[in-house]
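Working from the sequences, and respecting the hints, build out all of it.
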Amino acid sequence: MTVGVALNWCRGRGEEHGWKLEGDTESVRMAHKTLFRPTLILSLRLNNPPFSLSHNPFLHSQPPFPFLLNTHPISLPSTSTCTTTIHLWCSNYTTTTTTTTTTTTTTVEGSEKCYLDLTDEELMRQCEMDTFKTSGPGGQHRNKRESAVRLKHLPTGIISQASEDRSQHKNRASALNRLRSLIALKVRKTVDLDAYSPPRELLQILPPKSSIRGSDCGPQIGPNNQKFASGMQALLDLIFAVEGSVSEAAKYLGLSTGALSRLILSDDSLRKEVNDLRASKGMKPLK
Amino acid sequence: MKVTLTSVYSPYCFPTLLKSSSLSTLCRPFCSSALPSPPTCVKPQVPIFLRPPIYSNKLCDLNKWHDWAKGVAFSIGSTFVHSDNGPDSSILCRELKWLMEDAVEVPSLDDERVRMRIDIEELYCLWKQRVHERRPFQYVVGCEHWRDLVLSVQEGVLIPRPETELVVDFVSDVVSENEELKRGVWADLGTGSGALAISIGGVLGSGGGRVIATDLSPVAVAVAAYNVHRYCLQDKIELREGSWFEPLKDMEGKLAGLVSNPPYIPSKDISGLQAEVGRHEPRLALDGGIDGLHALLHLCDGAALLLKPGGFFAFETNGEQQCKALIDYMENNRRGSFCNLEIRADFARIQRFVIGFRQ
Ligand SMILES: C[S@@+](CC[C@H](N)C(=O)[O-])C[C@H]1O[C@@H](n2cnc3c(N)ncnc32)[C@H](O)[C@@H]1O
Numbered sequence: 001m002t003v004g005v006a007l008n009w010c011r012g013r014g015e016e017h018g019w020k021l022e023g024d025t026e027s028v029r030m031a032h033k034t035l036f037r038p039t040l041i042l043s044l045r046l047n048n049p050p051f052s053l054s055h056n057p058f059l060h061s062q063p064p065f066p067f068l069l070n071t072h073p074i075s076l077p078s079t080s081t082c083t084t085t086i087h088l089w090c091s092n093y094t095t096t097t098t099t100t101t102t103t104t105t106t107t108v109e110g111s112e113k114c115y116l117d118l119t120d121e122e123l124m125r126q127c128e129m130d131t132f133k134t135s136g137p138g139g140q141h142r143n144k145r146e147s148a149v150r151l152k153h154l155p156t157g158i159i160s161q162a163s164e165d166r167s168q169h170k171n172r173a174s175a176l177n178r179l180r181s182l183i184a185l186k187v188r189k190t191v192d193l194d195a196y197s198p199p200r201e202l203l204q205i206l207p208p209k210s211s212i213r214g215s216d217c218g219p220q221i222g223p224n225n226q227k228f229a230s231g232m233q234a235l236l237d238l239i240f241a242v243e244g245s246v247s248e249a250a251k252y253l254g255l256s257t258g259a260l261s262r263l264i265l266s267d268d269s270l271r272k273e274v275n276d277l278r279a280s281k282g283m284k285p286l287k
Numbered sequence: 288m289k290v291t292l293t294s295v296y297s298p299y300c301f302p303t304l305l306k307s308s309s310l311s312t313l314c315r316p317f318c319s320s321a322l323p324s325p326p327t328c329v330k331p332q333v334p335i336f337l338r339p340p341i342y343s344n345k346l347c348d349l350n351k352w353h354d355w356a357k358g359v360a361f362s363i364g365s366t367f368v369h370s371d372n373g374p375d376s377s378i379l380c381r382e383l384k385w386l387m388e389d390a391v392e393v394p395s396l397d398d399e400r401v402r403m404r405i406d407i408e409e410l411y412c413l414w415k416q417r418v419h420e421r422r423p424f425q426y427v428v429g430c431e432h433w434r435d436l437v438l439s440v441q442e443g444v445l446i447p448r449p450e451t452e453l454v455v456d457f458v459s460d461v462v463s464e465n466e467e468l469k470r471g472v473w474a475d476l477g478t479g480s481g482a483l484a485i486s487i488g489g490v491l492g493s494g495g496g497r498v499i500a501t502d503l504s505p506v507a508v509a510v511a512a513y514n515v516h517r518y519c520l521q522d523k524i525e526l527r528e529g530s531w532f533e534p535l536k537d538m539e540g541k542l543a544g545l546v547s548n549p550p551y552i553p554s555k556d557i558s559g560l561q562a563e564v565g566r567h568e569p570r571l572a573l574d575g576g577i578d579g580l581h582a583l584l585h586l587c588d589g590a591a592l593l594l595k596p597g598g599f600f601a602f603e604t605n606g607e608q609q610c611k612a613l614i615d616y617m618e619n620n621r622r623g624s625f626c627n628l629e630i631r632a633d634f635a636r637i638q639r640f641v642i643g644f645r646q
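Chains as they are written, first to last, in our numbering: chain P, 1 to 287; chain V, 288 to 646.
Bear in mind the hints are in silico, worked out from the structure with no lab data behind them.
All of these numbers come straight from a predicted model, not from anything done at the bench.
Among the clues, some could well be false.
With a Cα cut of at most 27 Å, we get these calculated DSS-like pairs of lysine-lysine [unchecked claim]:
1. P/K189 with P/K284
2. P/K272 with P/K189
3. V/K357 with V/K345
4. P/K144 with V/K384
5. P/K251 with P/K281
6. P/K272 with P/K152
7. V/K384 with P/K170
8. P/K144 with V/K345
9. P/K287 with P/K227
10. P/K189 with P/K251
11. V/K384 with V/K357
12. V/K357 with P/K144
13. P/K189 with P/K287
14. P/K144 with V/K415
15. V/K330 with V/K415
Just some of the chain V residues that point at chain P, by a computed CB distance under 10 Å [to be verified]:
16. E392
17. R434
18. I446
19. E568
20. A572
21. G606
Chain P is nowhere near these chain V residues, computed Cβ spacing over 12 Å in every case [claimed, not checked]:
22. S343
23. S362
24. L413
25. Q416
26. L453
27. R470
28. Q521
29. R527
30. W531
31. D537
32. L584
33. K595
34. P596
35. E618
Glycine included, each C-beta is placed from N, C-alpha and C at the ideal position.
This is the structure we're talking about:
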């Protein structure tokens, strides 16, 4: 579903169901800027929900949003006002919602970055998992070793899959690792260059010769380390903020342009992401 | 921007998924001691991947076999898919790759010779069985990869299914929040290869918790014993041969948990099963009687009797209809025995499991 379709739906059918767009289109704020899949958050307000939101997977009542596959139960505190804010994530690939009551305060700022801080279980909870299409009743009826796994990270629409292993369990683990790298590569956070100071996870992937890297950062973390993804994400945030200029980014990191180029070239997917950006800005690729 | 992470949509619960498993120690291949003699005289077969690489073959002969086998796989096209929803060429080719992985020792001896765990002549034979007789791939290689385990299987024992992997997540979720259940005695009824019992043994960890696994089939008990031993869990998992609760008379009101994936296919559906299943897997493991509920209802009755208050159970079923029938039975015919009954879906979104607690 595209953002446009979601918006129109909210304005049209949504209102029939008692859903209202909060404020005007102004309140539709840019939330995630995934590179090739623009994602928005629409804030909807709902007084006295006309239906119950439940994550009960075996209740097959048709949800009012056709794209609202499932939601977590919202327990509304009986004493407080029953206003529910629904954050609707829309992207070209997927749409999902999170819900929060106005009395809930457990909100996290800048969640794009936070995806990588989540534990495997938490990240998995944000995903929809499919085994590849099966027809028929499954279970004892079948022998087809359908161990391939596809994960769809609902907040961003990023899809990762794994099928190389013979056990579904292990394919799940590989798909999740792959998802982390994809999130690092594709989910961008805006950076305030005036007040920029590199986050620790970025410092950790820099070579020791960086002039701003303190000795407390420990040894340099390389691409084969699981922690590399978070550093790579922060590095890409910076490179996007300086519009692909490696020499500019290098200044913020206390490195020579050559040293930063080498770091970028050390990981194939990182190099590709930077070069795609540079190509879009008419710059020469790093080699 | 505000985003609530606590309430992000999740289609299923993945309680303790992918937690680096305490089973890692289980991956050690064999215990130093010899295998125990199983309770019956059935001798379990050794899967190909565990056999010693005593055959030396020419690489060109191996390639010749491989090309032949591939040709056989391709000749099938989608014939089996049309006849009984069986495997197509691409699935057979994937299996061929796995058969090579199990049979051939890497690295090779030199540029011309490879060491193998099975003779090439026998490989020809096995592949014919796989394709022409539709013998399940897992019986051909003698094992199935299931969660983080590699379990030995053979004719007479059900090949564990990916769907069943979720039962372990349910248990893991429950015991992570309840020390008492974690230290208690669990039962896996109709254990087959021992898949659930072994994984649950790992989930219970090094506390006092243990598992009793039962099966009516002597072959299943022997193979399960072999697998339990291979993962060095013989102190944690006890095998008992017999029908459902009959070997558990000493456990009335004492079980902390009970899991089972009993036969649940309605008798009339057995003849239409995919050949790999219907012709080769044991009917005892599949046939659940007229409506498929025969064993499941019996298990509900037994759960009421054997679980202690607060004890947990999880049953796998044929799908939505059976799940609803079970819940209905528990709420009406066993009123007051159970609480927090829930239906859980598998990854193909089929309502597959009924879980709950003893009141
Ligand atoms: C569907 S298989 C499940 C095997 C294994 N638990 C798994 O999930 O892979 C059902 C098992 O129940 C066993 N079984 C059938 N009738 C039984 C009975 N009356 N008492 C105990 N076990 C029985 C079969 O031998 C078979 O191993």
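**Request:** May I ask which of the numbered hints given earlier this structure violates, with the numbers listed in increasing order?
**Result:** 8, 16, 26
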